[in-house]
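K.L.:
These are the residues of each chain, in order.
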Amino acid sequence: MTPPQRQRRVPKQQPPSPPPRAGKPKNPERLFVVAGPDGGERDGDLDLVTLIVARAEPPPSATPEQSALLRLCSTPLSVAELSAYLNLPFSMMTVLLTDMLTAGLVTARNPIVRQSVADRSILEAVMHGLQRL
Amino acid sequence: MDFKGSDTVPGPRTEDQLPHTAEAAVKIVIVGGFGVGKTTMVGSVSEIRPLTTEETMTQAGIGVDDNFGSDTKTATTVAMDFGRISITEQLVLYLFGTPGQERFWFLWNGLFDGALGAVVLIDTRRLEVSFDVMGRLEERGVPFVVAVNTFPDAPRYPVAELRTALDLPEEIPIVECDVRRRASSRDVLMTLMRFLHALAMAKAPA
Numbered sequence: 032m033t034p035p036q037r038q039r040r041v042p043k044q045q046p047p048s049p050p051p052r053a054g055k056p057k058n059p060e061r062l063f064v065v066a067g068p069d070g071g072e073r074d075g076d077l078d079l080v081t082l083i084v085a086r087a088e089p090p091p092s093a094t095p096e097q098s099a100l101l102r103l104c105s106t107p108l109s110v111a112e113l114s115a116y117l118n119l120p121f122s123m124m125t126v127l128l129t130d131m132l133t134a135g136l137v138t139a140r141n142p143i144v145r146q147s148v149a150d151r152s153i154l155e156a157v158m159h160g161l162q163r164l
Numbered sequence: 415m416d417f418k419g420s421d422t423v424p425g426p427r428t429e430d431q432l433p434h435t436a437e438a439a440v441k442i443v444i445v446g447g448f449g450v451g452k453t454t455m456v457g458s459v460s461e462i463r464p465l466t467t468e469e470t471m472t473q474a475g476i477g478v479d480d481n482f483g484s485d486t487k488t489a490t491t492v493a494m495d496f497g498r499i500s501i502t503e504q505l506v507l508y509l510f511g512t513p514g515q516e517r518f519w520f521l522w523n524g525l526f527d528g529a530l531g532a533v534v535l536i537d538t539r540r541l542e543v544s545f546d547v548m549g550r551l552e553e554r555g556v557p558f559v560v561a562v563n564t565f566p567d568a569p570r571y572p573v574a575e576l577r578t579a580l581d582l583p584e585e586i587p588i589v590e591c592d593v594r595r596r597a598s599s600r601d602v603l604m605t606l607m608r609f610l611h612a613l614a615m616a617k618a619p620a
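In order, the protein sequences belong to chains V and H. Residues 32 to 164 in my numbering are what the first sequence spells out, letter by letter. Residues 415 to 620 in my numbering are what the second sequence spells out, letter by letter.
I should point out that these hints are in silico values taken from the structure, not numbers from a laboratory. Glycine is no exception: its CB is placed at the ideal position from the N, C-alpha and C atoms. Just to be clear, a hint being listed does not mean it is correct.
Pair ranges (Cβ atoms, derived) [to be verified]: (1) H:594 / V:155: 39 to 47 angstroms; (2) H:595 / V:87: 15 to 23 angstroms; (3) V:118 / H:433: 19 to 27 angstroms; (4) V:130 / H:618: 23 to 31 angstroms; (5) V:92 / H:590: 18 to 26 angstroms; (6) H:581 / V:130: 46 to 54 angstroms; (7) H:555 / V:34: 22 to 30 angstroms; (8) H:615 / V:95: 22 to 30 angstroms; (9) V:32 / H:553: 25 to 33 angstroms; (10) H:594 / V:32: 46 to 54 angstroms.
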């Protein structure tokens with residue numbers, strides 16, 4: 032029996048990122064836009080694996096969502112985990128967290144993202160970690 | 415979707431909390447067709463019970479001004495399961511199992527951007543399901559390895575034959591696995607890491 036046959040593809044030319052426009056503030060509405068099918072854009076700096084840590088006790092003015100989130104991330108927790116525990120879609124999490132970051136209620140620890148190639152020391156650390164499993 | 419209120423939200427169990435020293439996270443994406451074993455694989459190596467994050471797509475777009483309530487129009491909910499492995503006191507690895515249908519990927523903004531790499535999980539009974547996924551990863555320049563989840567009643571092909579059928583270059587690893595077993599899933603991840611390490615070495619020799 033012969034398996035079906037696939038055809039290999041090659042990397043698409045990445046469009047050059049547009050130069051930053053000086054003096055023109057970003058349209059805040061952009062944060063609420065789900066990126067198009069190409070996923071070329073990223074909302075702010077929040078990734079599924081950005082770690083969120085509470086900076087403060089919930090202020091009296093906090094909404095129920097904010098209070099719940101602050102309680103959850105008394106220790107670091109990823110945006111993905113917060114989304115799962117709070118039962119909020121990722122797109123809503125980014126909205127909620129963007130407000131809370133602006134208000135200084137939480138801090139974000141940014142993920143290590145792969146550049147053109149991954150950092151060797153990170154890869155080695157992950158390999159050591161996996162070997163202990 | 416009604417928000418339940420802050421007191422009713424279950425959080426991580428104490429043993430599932432990350433230490434305060436956790437500084438940064440990395441991610442690996444496990445991608446494959448429906449029922450190929452992505453969630454099983456995530457669950458077999460994760461230190462936490464796999465969690466699910468959902469994203470909703472509506473015809474009219476997602477409303478954000480109505481205080482997180484939403485009158486669901488024609489909503490499609492797409493779920494993604496994920497797990498976690500603490501690598502060191504500072505570094506955390508997240509594993510995301512995502513459906514192969516590329517039309518859903520845009521929902522997870524940046525899911526593949528910045529991922530260390532991907533595991534394409536395949537079932538030899540439905541090999542062609544994975545073709546588009548691999549093509550998309552190639553186009554995006556996301557490095558991946560191929561893991562064949564060996565189902566008892568699935569046809570077994572020699573790796574060389576699979577490589578030809580999948581049109582994969584010699585350097586991309588193809589491994590067999592049983593994702594129900596932790597050691598087997600771990601070995602797949604190790605295969606990916608060694609592959610990524612070799613790529614990094616080739617690009618910037620020590």
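K.L.:
Each of the hints needs a verdict: does it hold here or not?
P.N.:
Status of each hint after checking the structure:
1. Checking the proposed 39 to 47 angstroms range against residue 594 of chain H and residue 155 of chain V shows it is violated: the Cβ atoms sit about 28 angstroms from each other.
2. At about 44 angstroms, the beta-carbon gap between residue 595 of chain H and residue 87 of chain V misses the expected band of 15 to 23 angstroms.
3. The supplied range of 19 to 27 angstroms is met by residue 118 of chain V and residue 433 of chain H, whose beta-carbon atoms lie about 25 angstroms from each other.
4. Evaluation of the 23 to 31 angstroms hint for residue 130 of chain V and residue 618 of chain H yields a failure: the beta carbon distance comes to about 40 angstroms.
5. With their beta carbons about 56 angstroms apart, residue 92 of chain V and residue 590 of chain H fall outside the hinted range of 18 to 26 angstroms.
6. At about 47 angstroms, the CB distance of residue 581 of chain H to residue 130 of chain V agrees with the hint of 46 to 54 angstroms.
7. For residue 555 of chain H and residue 34 of chain V, the Cβ-Cβ distance of about 26 angstroms falls inside the hinted range of 22 to 30 angstroms, so the restraint holds.
8. For the pair residue 615 of chain H and residue 95 of chain V, the supplied restraint of 22 to 30 angstroms is violated, since their beta-carbon distance comes to about 50 angstroms.
9. Taking the beta carbon of each, residue 32 of chain V and residue 553 of chain H are about 30 angstroms apart, inside 25 to 33 angstroms as hinted.
10. For residue 594 of chain H and residue 32 of chain V, the hinted distance range of 46 to 54 angstroms is not satisfied, since their beta carbons lie about 25 angstroms from each other.
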